[in-house]
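K.L.:
Chains A and B, in that order, give the protein sequences. If you count by the numbering used here, then the first sequence holds residues 1 to 394, one letter each, in order. If you count by the numbering used here, then the second sequence holds residues 1 to 601, one letter each, in order.
Since the hints were derived computationally from the structure, they do not count as laboratory data. Using N, Cα and C, we set each Cβ at its ideal position, and we do this for glycine too. Among the hints, erroneous ones may be present.
The calculated lysine to any residue pairs, modelled on SDA-like cross-linking and capped at a C-alpha distance of 25 Å, are [stated by the list, open to error]:
id	chain 1	residue 1	chain 2	residue 2
1	A	K253	B	M270
2	A	K130	A	V106
3	B	K537	A	V18
Far from chain A, some chain B residues (derived; all Cβ distances over 10 Å) [claimed, not checked]:
id	residue
4	L136
5	L243
6	G523
7	V557
8	E558
Derived Cβ-Cβ restraints for the label pairs, each shown as a range [stated by the list, open to error]:
id	chain 1	residue 1	chain 2	residue 2	range
9	A	S239	B	H274	27 to 37 Å
10	A	D384	B	H274	27 to 37 Å
11	B	G515	A	M263	50 to 60 Å
12	B	P556	A	L8	35 to 45 Å
13	B	F142	A	V106	42 to 52 Å
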Amino acid sequence: MASKLIVLAVIVLGIITVSQLMKVYQLSSKLSNKNEAEISEKNNNLNAKLMIVFVLALFAGFIWLMLKYGWTGRGMAASVHGHEVDWLLNLNFVIILFVFFLTHIVLFFFAYKYVRKPGVKAHFFAHSNKLEMIWTVIPAIALGVIIIFGLRTWNKITDVAAAESIRVELFSKQFDWTARYSGEDNALGKFDYKLTTDDNELGLLTTNTIDSAINNMENGISGIKALEDKLNDPSVVLSVQDRNDLMTDLDRKGRLIRLLHQMKGRHDSKADALAWDDIIQKDTLYLCVDKEYELNFRSKDVIHSAYLPNFRVQMNTVPGMTTRFKFTPDITTEDFRKTKHNPDFHFVLMCNKICGGAHYKMKMTVVVLEEEEYDDWMESKSFDTFKDKYFASM
Amino acid sequence: MAAIATEAHGHHDSHEHHKESFVSKYIFSQDHKMIGKQFLMTAVFMGVVAMLLSILFRIQLAWPGEGSDFVSFFLGDKWAPGGVMKEDMYLGLVTIHGTIMVFFLLTGGLSGTFSNILIPFQIGARDMASGFLNMLSYWFFFISSLLMLASMFVESGPAMAGWTIYPPLSALPQAISGSGMGMTLWLFSMSIFIASSLIGSLNYIVTVLNLRTKGMSMTRLPLTIWAFFITAIIGVLSFPVLLSAALLLIMDRMAGTSFYLSDIIVSGEMLTNHGGSPILFQHLFWFLGHPEVYIVLIPALGLSSEIISTNSRKPIFGYRAMIGSILAIAFLSFIVWAHHMFITGMNPFLGSVFVFTTLLIAIPSAVKVFNYITTLWKGSINFTPAMLFTIGLVSAFISGGVTGIILADAALDIMIHDTYFVVAHFHVVMGLSAVFGMFAGVYHWFPRMFGKMMNTTLGYVHFWITIVGAYGVFFPMHFVGLAGAPRRYYDYSVYQDFDVDAANMMIDLNVIITGFAILAALGQCVFLFNFFYSIFKGPKSGQNPWKSNTLEWTSPVEHMHGNWPGELPTVHRWPYDYSVPGAEEDFIPQTVPLAEGEEEH
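Just need the whole structure built from these sequences, with the hints factored in.
P.N.:
Right, dumping it as structure tokens:
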């Protein structure tokens, strides 16, 4: 507390001191007939020189940053389209840096050169159609180039994935990622959020999962039966608030159970196979080098964003819809580590859309393997499918 | 199309001397000059708060996990135990910093202050079209400011979903504590703010169209007025869409509707909402959000056009091209919003269209920049503090504008979307440019507002500290972003787990950035001191201290109700007759009739 008082006292005394100094300054400028609106030769020239000093310092600082941190500040791309994106980024950077340096040199040099000089009058120059035409047309041409190259790359990246590309789902929730490989059939099983239970975190759709979701909703720990029992039990005394909360919960579960029963009625058990062979994988996402992947994104709660900076991949995950992004990793983790001279380096999948307090910790390691290693890993997972896990937990 | 304001307002002369009470003069004032000052004072206060918040979270970013007395002084034990702020509070600070800066300082503060002060003065009107609505606009602004400040003191914390408040995060209190009471207050505050902005804008439009004095045709308007006029039109067309976005969000939060919610399980609770789309909110939000950038920027560009011309003692180069480019920017600003949404899962073809329209904006922007630079060419420059800030504005407008070209390119945006590159980009192009424009305006029109002069030397100190500090913050920030650092991260040492080099770079640069941020913040103390000291103790200003042409400098230094004693001034020429060959003085005010044989520009 004492330290806070001292700080406050220092601030107050500081303000008083400066005010007094200002008074002295103003009295002296009154004596010397100085007018604040008249900028003196000395001040004018000082600022003109500072303009040059400033712009040189700005350039120096900028060039230092470029030299120290790489001129576009990041490492090599690790995916096929990533190289094209990097080439495009470099092209754009060349154009904008040229514009930045040119306009800044001219701006600050003019500010320096045309500072008021005694006896020199400004040149009355109000407009020139020719000049204005020049600086409308030249930027238009430059932008035309940027737009054409940009859209060509964009269209290629966002094109539909090839039929044989490997389907993997990335499921996001506060605050972690889960991957789901499509298994032998290379088709991801269907899902519905209402089927989510402890044994079926991704809400996959099979005859069994519908049954167990219905069972859970009806007879689970806070299922409909339990809620009704609690509400009807004369020996339990509930506050009005608690009772209302329970009623709301019961009402909501009543609606959900109706939807689940409808789902059961419509369900075709032939679709079960799609989901049973899926492989659910936490902590680390394994990818095979030089294979095209179609990532499917899903979210359980709020918007997240799947951000894989080394692969130049990013796509939001949106509750209620599936988003997609295709890409082909073209260098293994091992090889990439060599280029970085860093044996501990890892590719990473981060969350890049604000999603709650621990947003910054929501990440998953990504490992790109040689085809052989990848096949071995897949092999090791072949008895660890959704079906195996689901029935093991029963 | 000469205005007919003189007759309409003639009756003012008869009763302008009645005594005003303290309340009607300083509080519920209907005088545009007082309302402008009220906007300015409120905005300065809000700006100081928002700047303080930024220093708090910059400390966390530079020295993550280290206790700080400064942080604990402001946040206390609940939100910063041991002087280390909590994760949720970090997000709360970021959110409120953004909201206050964008809406309360740069929209309410910039447009509110200078539209109010300059529109009646520069078009030669006695006051705004409706003094009462003008007063209402300020008081709505004031109430919304209070609500926004109050939201920082509620138990569950302020809104924490980022200034863009994307649902479902902002709709579900289970997802983050700030989406409870804090978010409710945020939404109500913003709804009232929008009402304030709409009332103000309608008033500005009507005033510019109807109350111009004799001879003040649209093509004789100073560029400031053109800028405020177009800004007001953009505001009227886009703010209602934000209001609808906010109302639907309020309904989702309070009435159980599903506009933005679908298939959600949060904290183990399965919600029944189905069929809504979070993307819908983003479309509605950015339909305001992007024009908002220009609502912030165009007034700053207008102010600087006037200042750069006056202090170069030269006409603004390409007056009509300047008007044309403002119109083009304003039009394009409505058809670019989805460039904020390239990677939300929106149809990629739609993305391509928005790439095209967005990059088009660079053309009128380039025209503006080159016209500013040509105005300096062969000028006779007076470095007033306002002129320094104007040159700072042009510089920031360029450096921030060129990085926009990268972000507008959808293919490149994939990689840098939501990284610090974006943060650096918009802080430079809209934050710095607009703040520089606002400072320039305050220094230039201070004599008009208070009848006093600000201290020039302190103005110089303020400018040089600010521009060095600002570039010191935002240039390194581009590099942090290009290295891939996501924005709104509480602690970048998470990079240590997978990329030590990147982690070290981010921590090093974050320390540099925070150092410059603290420097820049201290620089603002110089301004605050100069500002308040000069209001009370500054030397008296002359009638026309900058030897300027526009009408506001013909009104008496001592403020009076109705702005001009006797008749309103008549306008005979455009406002940029500086250094006309053959003329005696290097400026010819708009009220001077054309000399014999002189052709109007």
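K.L.:
Honestly, which of those hints from before does the structure not fit?
P.N.:
Of the numbered hints given earlier, the structure breaks none, since each of them holds.
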